[in-house]
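> Just so you know, the sequences run in chain order X, W, Z, B, Y, D and V. Per the UniProt record's numbering, the very first residue in the first sequence carries number 1; after that it's consecutive. Per the UniProt record's numbering, the very first residue in the second sequence carries number 1; after that it's consecutive. Per the UniProt record's numbering, the very first residue in the third sequence carries number 1; after that it's consecutive. Per the UniProt record's numbering, the very first residue in the fourth sequence carries number 1; after that it's consecutive. Per the UniProt record's numbering, the very first residue in the fifth sequence carries number 1; after that it's consecutive. Per the UniProt record's numbering, the very first residue in the sixth sequence carries number 1; after that it's consecutive. Per the UniProt record's numbering, the very first residue in the seventh sequence carries number 1; after that it's consecutive.
No lab work stands behind these hints, which were simulated from the structure alone. Glycine included, each C-beta is placed from N, C-alpha and C at the ideal position. Among the hints, erroneous ones may be present.
Stated by the list, open to error - Label pairs and their computed distance ranges (CB to CB):
no. : chain 1 : residue 1 : chain 2 : residue 2 : range
1   : B       : Ala53     : W       : Tyr62     : 25 to 35 Å
2   : Y       : Tyr62     : B       : Lys52     : 25 to 35 Å
3   : X       : Tyr62     : Y       : Ala63     : 31 to 41 Å
4   : W       : Asn2      : V       : Leu51     : 23 to 33 Å
5   : V       : Leu39     : D       : Asp48     : 27 to 37 Å
6   : W       : Asn2      : D       : Asp48     : 50 to 60 Å
7   : V       : Glu72     : W       : Leu46     : 45 to 55 Å
8   : D       : Leu39     : B       : Asp48     : 27 to 37 Å
9   : D       : Asp88     : Y       : Ala63     : 23 to 33 Å
10  : Y       : Asn2      : V       : Asp50     : 30 to 40 Å
11  : X       : Val16     : Y       : Ala63     : 47 to 57 Å
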Amino acid sequence: MNVKPLGNRLLIKTIVEEKKTEGGIVLPDSAKEKPQTALVVEVGNLEDLDLKAGDKVIFSKYAGSEIKVDGEDHIIIDADDVLAKVED
Amino acid sequence: MNVKPLGNRLLIKTIVEEKKTEGGIVLPDSAKEKPQTALVVEVGNLEDLDLKAGDKVIFSKYAGSEIKVDGEDHIIIDADDVLAKVED
Amino acid sequence: MNVKPLGNRLLIKTIVEEKKTEGGIVLPDSAKEKPQTALVVEVGNLEDLDLKAGDKVIFSKYAGSEIKVDGEDHIIIDADDVLAKVED
Amino acid sequence: MNVKPLGNRLLIKTIVEEKKTEGGIVLPDSAKEKPQTALVVEVGNLEDLDLKAGDKVIFSKYAGSEIKVDGEDHIIIDADDVLAKVED
Amino acid sequence: MNVKPLGNRLLIKTIVEEKKTEGGIVLPDSAKEKPQTALVVEVGNLEDLDLKAGDKVIFSKYAGSEIKVDGEDHIIIDADDVLAKVED
Amino acid sequence: MNVKPLGNRLLIKTIVEEKKTEGGIVLPDSAKEKPQTALVVEVGNLEDLDLKAGDKVIFSKYAGSEIKVDGEDHIIIDADDVLAKVED
Amino acid sequence: MNVKPLGNRLLIKTIVEEKKTEGGIVLPDSAKEKPQTALVVEVGNLEDLDLKAGDKVIFSKYAGSEIKVDGEDHIIIDADDVLAKVED
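Could you put the whole structure together from the sequences, leaning on the hints where they help?
So, in structure tokens, the structure goes:
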């Protein structure tokens, strides 16, 4: 099954971070329940961004619409709410 | 009888999902009363989207205006509120 | 007497629907007091829409300004608030 | 004395309608204190509308700024708030 | 001393009207404390309006910023808030 | 040390006026705590205005962000909030 | 690890100022808990600004999204919320 975002949107899947990753991104305590890091699963027709499936991104908390795809939580988010790309 | 959406709008008909579809889209519990998946019934003059009658889409909860057509619930929705297309 | 809407507006006259029309549009109960179906009476200089007097339309509840013409209730409505055209 | 509206504005003078004009415009009871019908007195540089002094118009309740000219109530109103032209 | 308005603004000086001018502009009672008639003192780079020092104008109540120039009350006002020009 | 405003902004330094300057700008009593007159210290890339360091300006109360430069209060303000230039 | 801001954004790291720096920027008391001075760490595709990693900037309090990178607090901020560049 395939969910294809429309327009300037992406389908992302949040990454559950370990609380004390050594040298990695650790989210502020107040945001622990709703992580801000995600993996790009599918992209729509992005206007300005160069992102593809598999990219790791940071997105605005509370942005986007939550849906389940194949039983797992995903988020459809507007490209403008993706703040940064993470390169390990 | 035919309801033709005007401008950048679509006429859609929500799909009542089974609660535990194997490998399918399962809506979060908080959205159970108002599903987010729908079938496109009629399209207006869509500006940027390539959608046609019969397509399965995911749309923003609370978006659109509810009407009944031939006794059944439908929604007239702005194309910008259609988030994604579902391909099985 | 003639009321000519100015700009991108229409003069419409709401249609009082029977509650259980067979195979017709039935409005949701919560909207019974203020129907959403209307007949186009006069059009202004419409920008994008192809509507004329006599067309049957569905419009956004609460949109428009109510006036009486020749003693009967009418609504002057912005063309953007006309959602769909109904073809029987 | 002459009050010349600037930009996309008109100077109008409300018409006090008889309550039960035969075959004429009768305002809804809730709007009785503030009529919606007016005579155009002066026009500014109107952008899209073809209106001139002497035309009878219907305008949005509450729109415009009230001033007195030669001791009589007038309203300076934005052209976008003039809904329709009335032709007898 | 000279105060030169910047951009699409004017420097105006309110005119204190006599309460019962014969055949002149009389402000509604509710606006008595804050007159709406003014004299243009200086103009900035006006975009669409043809106004010059000495012109008599009507402006929106509450619009503009009050300043004192040479000990006298003035208002710097956006040109869009000048409603009309008064010609005696 | 040098603070260079970015974009359509200016760095200004408020001028503390004497309360009863003869023939000068006297601020209304309600604004005494926060003067509206300032000296331009640095300009960013101004879009439409012709202002330079040393110019005396009048700006909107409450506009801008307060910072200290070399121990003294300054304000970084959007050029659109500068109302007028004062020429003595 | 590298966090690359997307679009018209920057990754910045706030600078903790000494309270009484001689001749330097001292923040107003009310802003002590959340400094307004920062070092640019990474830039996205900036539209109008000429800023690079290592630049010292002043930014709007409350603007931006807080994230931790390698265990340290950073802010992803829209370029429009960067008020000025500081040159020592």
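> Give a verdict on every hint.
Results of checking the hints against the structure:
1. Taken as a hint, the range 25 to 35 Å is violated for the pair alanine 53 (chain B) and tyrosine 62 (chain W), whose Cβ atoms sit roughly 47 Å apart.
2. Between tyrosine 62 (chain Y) and lysine 52 (chain B) the CB atoms are about 31 Å apart, so this pair conforms to the stated range of 25 to 35 Å.
3. Against the hinted window of 31 to 41 Å, the Cβ-Cβ separation of tyrosine 62 (chain X) and alanine 63 (chain Y) comes to about 37 Å, which satisfies the hint.
4. With their beta carbons about 57 Å apart, asparagine 2 (chain W) and leucine 51 (chain V) fall outside the hinted range of 23 to 33 Å.
5. Distance hint check for leucine 39 (chain V) and aspartate 48 (chain D): the Cβ-Cβ separation is about 32 Å, which falls inside the suggested range of 27 to 37 Å.
6. Look at asparagine 2 (chain W) against aspartate 48 (chain D): about 53 Å separates their beta carbons, and that is inside 50 to 60 Å.
7. Distance hint check for glutamate 72 (chain V) and leucine 46 (chain W): the Cβ-Cβ separation is about 47 Å, which falls inside the suggested range of 45 to 55 Å.
8. For the pair leucine 39 (chain D) and aspartate 48 (chain B), the beta carbons lie near 45 Å from each other, so the given range of 27 to 37 Å is not met.
9. For aspartate 88 (chain D) and alanine 63 (chain Y), the hinted distance range of 23 to 33 Å is satisfied, since their beta carbons lie about 28 Å from each other.
10. Between asparagine 2 (chain Y) and aspartate 50 (chain V) the CB atoms are about 36 Å apart, so this pair conforms to the stated range of 30 to 40 Å.
11. A C-beta distance of roughly 54 Å is found between valine 16 (chain X) and alanine 63 (chain Y), which places it inside the suggested range of 47 to 57 Å.
Going through the hint list in order, the structure does not satisfy hints 1, 4 and 8.
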